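Chemist: Its first residue numbered 12, the sequence shown is counted upward by one per residue in this note's numbering.
Be careful, since some hints might not be right.
Stated by the list, open to error - With a Cα cut of at most 20 Å, we get these calculated DMTMM-like pairs of lysine to aspartate or glutamate:
hint, residue 1, residue 2
1, Lys79, Asp37
2, Lys60, Glu82
3, Lys60, Asp25
4, Lys79, Glu52
5, Lys79, Glu51
6, Lys49, Asp37
7, Lys49, Asp75
Unchecked claim - If you anchor each label on the Cβ, the simulated ranges turn out as follows:
hint, residue 1, residue 2, range
8, Ser66, Thr17, 20 to 28 Å
9, Gly93, Thr63, 22 to 30 Å
10, Leu92, Gln65, 40 to 48 Å
Read the hints as simulated data drawn from the structure, not as lab findings.
Bear in mind that the values here come from a model prediction, so they are computed numbers and not experimental data.
The C-beta atom is built at its ideal place from N, Cα and C for all residues, glycine as well.
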Amino acid sequence: LRIVATLATLPTGDAVSFTRLQRDLDLTGGNLITHLRKLEEAGYLTSQKTGTGQSSQTAVALTDTGRKAFEVYRTTLGAILGT
């Protein structure tokens with residue numbers, strides 16, 4: 012939820028680096044990559060790796076499906092909480 016919520020704050024189509032996401036969420040690299048793989052398998056986000064070796068960088072972005080799922084979640088939670 013924290014990953015999707017963080018990515019949802021970005022404008023549609025924008026991405027964030029794996030390193031920044033890891034730092035912002037205070038997660039280990041292994042923990043974050045495990046969650047990202049599950050979310051990517053569900054179609055909620057995309058990741059794109061550029062470069063090789065130490066100069067490689069991975070960018071992560073929320074898909075339209077992920078953004079819609081997050082909105083449905085927020086709406087449903089709001090209805091449950093009466094807000």
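Chemist: Taking the CB of Leu92 and the CB of Gln65, does the distance hold inside 40 to 48 Å?
Modeler: 46 Å, holds
Chemist: Within a Cα-Cα threshold of 20 Å, do Lys79 and Asp37 meet the stated pairing?
Modeler: 25 Å, violated
Chemist: Honestly, do Gly93 and Thr63 meet the 22 to 30 Å range at C-beta?
Modeler: 52 Å Cβ-Cβ, so the 22 to 30 Å window is violated.
Chemist: Starting from Lys60, check that the Cα of Glu82 is at most 20 Å away, please.
Modeler: 27 Å, violated
Chemist: Quick one, are Lys79 and Glu51 close enough, alpha carbons at most 20 Å?
Modeler: 15 Å, holds
Chemist: Starting from Lys49, check that the Cα of Asp75 is at most 20 Å away, please.
Modeler: Within the cut-off at roughly 16 Å; holds.
Chemist: If you draw a straight line from the CA of Lys79 to the CA of Glu52, is it 20 Å or shorter?
Modeler: 16 Å, holds
Chemist: Would the hint linking Lys49 and Asp37 be met if the CA-CA limit is 20 Å?
Modeler: 19 Å, holds
Chemist: Take the C-beta atom of Ser66 and the C-beta atom of Thr17, compute their distance, and say whether it sits inside 20 to 28 Å.
Modeler: 25 Å, holds
Chemist: Holds or violated: Lys60 with Asp25, Cα cutoff 20 Å?
Modeler: Distance of about 15 Å is within 20 Å: holds.
When the structure is compared with the earlier hints, violations turn up for hints 1, 2, 9 and for no others.
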